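Work out the full structure: start from the sequences and follow the hints.
Protein chains in written order, with this note's numbering: chain A, 1 to 327; chain B, 1 to 290; chain C, 1 to 248.
Worth double-checking, as some hints may not be accurate.
FRET-style restraints, in silico, Cβ to Cβ [to be verified]: (1) 77(B) / 19(A): 44 to 52 Å; (2) 278(A) / 161(B): 41 to 49 Å; (3) 296(A) / 137(C): 31 to 39 Å; (4) 277(A) / 172(B): 46 to 54 Å; (5) 159(B) / 109(A): 41 to 49 Å; (6) 3(C) / 165(A): 55 to 63 Å; (7) 12(A) / 3(C): 57 to 65 Å.
Treat the hints as calculated values from the structure; they're not laboratory data.
Every value quoted in this text rests on a predicted model; they were computed, and no experiment measured them.
Ideal placement from N, C-alpha and C gives every residue a C-beta, glycine not left out.
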Amino acid sequence: MSGRDVLPIVVIGGLLALIPFGVASNTLLNFLVFTLIIAIAAQGWNVLGGYGGQISFGHSAFFGTGAYATAILQVHAGVNAWLAFGLGILAGALVGLAIGALSFRAGLRGSYFALITLAFAEVFRIVANTIPLTGAATGILIKLDARPVNFQFHSRAAFFWIGLVIMLVALIATRALERSRFGAFLVALRENEDAAKALGVDTLRVKLGAITLSAAITGAAGCLYAQYFLYLDPTIAYGVWISVEALLAPIVGGLGTAFGPLIGALTLHGLGNLTSLLVGRVPGIDLVVYGILLVLVIAFAPTGLVGLAHRVRDRMRQRTALSAGAA
Amino acid sequence: MFAPDIILTAVLNGLLTGAVYALIALGLTLVYGVLHIINFAHGALLTAAMFAVLVLRLTFGLDPYLAILVLAPTFYLAGYALQRFVIGPASHGSDANILLVTLGLSIIIENALLALFRSDTRSIDVPYGFSSVDIGITLLSLPRVIAFGGALMVAALLWAFLELTDTGKAIRAVAKERLGASLVGIDVEHVYAVTFGLGTASLAVAACLLMPSFYVTPRVGNAFVLVAFTIVVLGGMGSIPGALIGGLIIGVVESLGGLYLGESLGQIGIFVIFILVLLLRPTGLFGAKA
Amino acid sequence: MLRAERITKRFGGLTAIDDVTITAPAGRITGLIGPNGAGKTTLFAIVAGFEPPSDGCVLFEDQDITTEATHRRTLRGIARTFQIVQPFGALTVRENIAVGAHLRHRARRDALIRAERIAARVGLAGELDKPAANLTVAGRKRLELGRALATEPKLLLLDEVLAGLNPSEIRDVLPVIRAIRDGGVTILMVEHVMQAVIHLCEHVYVLAEGRLIAEGAPAAVCQDSAVIEAYLGRGAAGRLSAPEPGHA
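Pasting the structure below:
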């Protein structure tokens with residue numbers, strides 16, 4: 001991976017980091033932090049679903065585990081918030097590895113894989129809804145004590161910057177994936193698993209690596225959610241909503257591209273808020289827009305917004321080449 | 001630990017619920033068997049049907065069982081149109097796309113219902129809502145017994161339709177060998193849409209049978225659909241007898257699970273079965289090799 | 001180099017392969033021919049590790065690899081092409097071949113450079129940046145070949161690599177295959193195109209209805225009456241060799 005790969009990421013990160021200086025509105029900052037959390041979760045999903053072609057409908061299992069782990073470690077074990085954050089990511093990764101080991105070893109692909117991820121996420125939700133450790137249905141509350149040592153800040157801008165850093169790390173990791181042998185194998189098995197095997201790719205190992213990385217990133221999103229909102233319950237942590245958001249953003253933004261999830265998350269949530277502004281706070285109306293967008297994207301622009309942008313760029317290149325030839 | 005008649009009641013109630021689950025799963029397994037797609041919008045369509053029953057009851061005072069006559073054809077047409085004009089064209093034939101398009105539909109339908117009806121729990125009042133049937137050993141709720149009978153009847157009708165009518169044979173032909181069927185002149189797109197319509201229509205019937213003894217919220221379909229998936233996978237994708245038997249088994253498992261583990265944790269039995277079947281015998285009890 | 005010994009494969013009640021033994025000596029091109037349904041591709045699948053045999057064993061360089069996973073065999077040096085081509089559609093030709101090159105080369109840049117060289121060897125140098133999905137059938141066949149070559153195999157299994165090519169395309173690919181053998185790679189090929197078999201193979205096995213019915217030099221095998229009958233039907237050998245009845 002060269003400097004040229006990392007530069008756009010750093011530049012965009014730098015630009016985005018300037019936002020809190022120009023914006024004082026808490027509502028907007030809130031929107032941005034929430035969207036970043038979704039984008040990070042989506043970035044994780046994209047590793048497994050976009051690059052690896054293994055579509056998961058249960059990424060909430062990783063999000064919720066990261067969130068609950070962070071919360072439980074702080075509330076019940078007095079662990080430092082930053083350490084709990086790291087351990088939460090680890091917990092998410094381990095759950096990913098476990099689910100992957102069970103599902104991929106059994107040879108599950110396609111719809112069957114999607115179904116089993118859904119089932120696993122539900123099991124987690126039911127367990128969280130029952131056991132006292134997670135606070136059962138009532139949920140778990142992290143005590144408000146807004147000091148940096150507790151990974152809590154008075155200013156939302158601080159959360160925004162931290163979220164941005166995590167997002168940038170995830171972006172750089174994705175870029176590194178793209179330029180690595182592991183990434184080449186991952187994409188190969190997405191395109192054609194049998195052909196990949198015939199070329200010497202240990203497809204089980206690669207899938208396991210992908211789901212672990214994917215779960216770690218999505219788990220990080222969960223940890224951040226817990227620190228920002230300080231409250232979790234089984235529906236928030238393991239609910240279908242985050243599984244859907246995590247897959248919607250990459251599809252709209254561009255499956256298997258580094259920036260797809262971020263662009264998708266911003267577009268979706270931007271549109272969602274716009275709809276709310278126009279139509280009023282009708283619950284569910286923003287998700288209707290998401291659903292329509294999903295169907296439209298699949299039908300007309302399966303490569304997502306990034307893909308569209310590439311097509312436009314290629315068409316413009318063709319036109320300049322033609323006119324240069326004609327001149 | 002529990003007295004035998006409590007267990008028996010739980011088992012009987014499980015069978016009653018199981019038959020309705022089976023009816024819900026029937027549509028799903030039929031669609032899978034013929035179109036080879038997993039319809040993720042199945043739960044949302046059920047929710048829509050249940051709200052339709054609610055609206056008909058509240059606006060016209062229409063009895064839910066009579067509503068079958070109105071809703072079954074309506075939902076058949078809706079399902080036909082959805083497959084023919086939305087799902088089919090949008091997915092360009094790719095399996096992954098169909099997965100996502102049906103997911104998109106489920107999001108649209110569910111949240112449109114949320115926007116229209118809010119998230120309150122609603123139920124309907126019928127005069128026989130609390131009546132019961134005395135079978136000697138125990139009392140069973142009348143609406144649920146009717147639902148049991150209704151579900152079995154629809155399953156039998158569906159089976160007869162597939163075995164005995166020309167359209168049914170065309171459907172079975174397409175399920176077995178799509179290319180061959182089209183080569184002998186069967187309009188495959190039409191068959192796909194008919195099958196989808198039948199699946200949706202059976203959901204409408206299930207909704208009419210459920211509403212007298214159940215409630216509805218925009219999210220209720222979600223709960224049912226996961227159970228339906230479990231049944232379809234357990235019974236074998238594409239197998240109607242499998243869906244029936246699977247439904248009864250799952251109904252009993254849920255009932256006994258609730259008895260021994262409590263309402264919340266009892267649900268876990270279903271998903272554990274689901275996961276185990278997927279890992280160990282993905283073709284299910286009666287399914288053909290995938 | 002390769003020895004598939006007493007291979008038997010049963011699918012339920014059907015015996016697809018019945019006690020077949022073939023050897024692919026190092027540095028030679030060996031052919032496997034026979035009418036459709038003879039079991040050739042199944043035998044290939046067993047050698048490549050996609051199917052386990054019901055009986056018998058597969059030995060590579062005197063090591064028993066019968067139960068080894070496919071990707072392990074590729075690591076040992078067995079590469080195969082598929083009868084129905086399996087390109088990585090969304091990737092470019094260069095990226096496709098690079099996946100094969102990555103087996104022995106970890107660094108992306110190395111893999112990509114090697115991919116370019118291999119593309120030149122199989123005649124795809126002009127199409128390196130084309131998405132594989134846009135290639136013609138002939139191009140895709142060359143891509144299959146290139147990808148397999150990129151894994152630096154000792155043994156190359158070619159499954160009907162000439163199927164679907166027109167005569168001039170076939171004529172262009174033959175020297176490429178010969179050059180691969182000249183480079184030290186052992187080749188075992190399943191083929192229907194007889195001219196290729198006769199020109200390339202030094203030794204040929206004939207499979208019919210799951211059994212080995214003949215083996216030897218290509219010219220001799222093609223004269224063998226059992227072989228003729230397997231392709232053309234019973235009595236065909238007699239009819240073909242009988243003197244022509246005088247015309248009126």
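Taking the hints in turn, this is what the structure says about them:
1. Separated by about 50 Å at the C-beta atoms, residue 77(B) and residue 19(A) satisfy the suggested range of 44 to 52 Å.
2. A beta carbon spacing of about 47 Å between residue 278(A) and residue 161(B) agrees with the range 41 to 49 Å that was offered as a hint.
3. In this structure the supplied range 31 to 39 Å holds for residue 296(A) paired with residue 137(C), their Cβ-Cβ distance being about 35 Å.
4. Between residue 277(A) and residue 172(B) the beta carbons are some 52 Å apart, a value that agrees with the proposed interval 46 to 54 Å.
5. In this structure the supplied range 41 to 49 Å is violated for residue 159(B) paired with residue 109(A), their Cβ-Cβ distance being about 31 Å.
6. The given range of 55 to 63 Å is respected by residue 3(C) and residue 165(A), whose C-beta atoms sit roughly 59 Å from each other.
7. Taken as a hint, the range 57 to 65 Å holds for the pair residue 12(A) and residue 3(C), whose Cβ atoms sit roughly 58 Å apart.
This entry does not satisfy hint 5, going by the numbered hints stated previously; all others are met.
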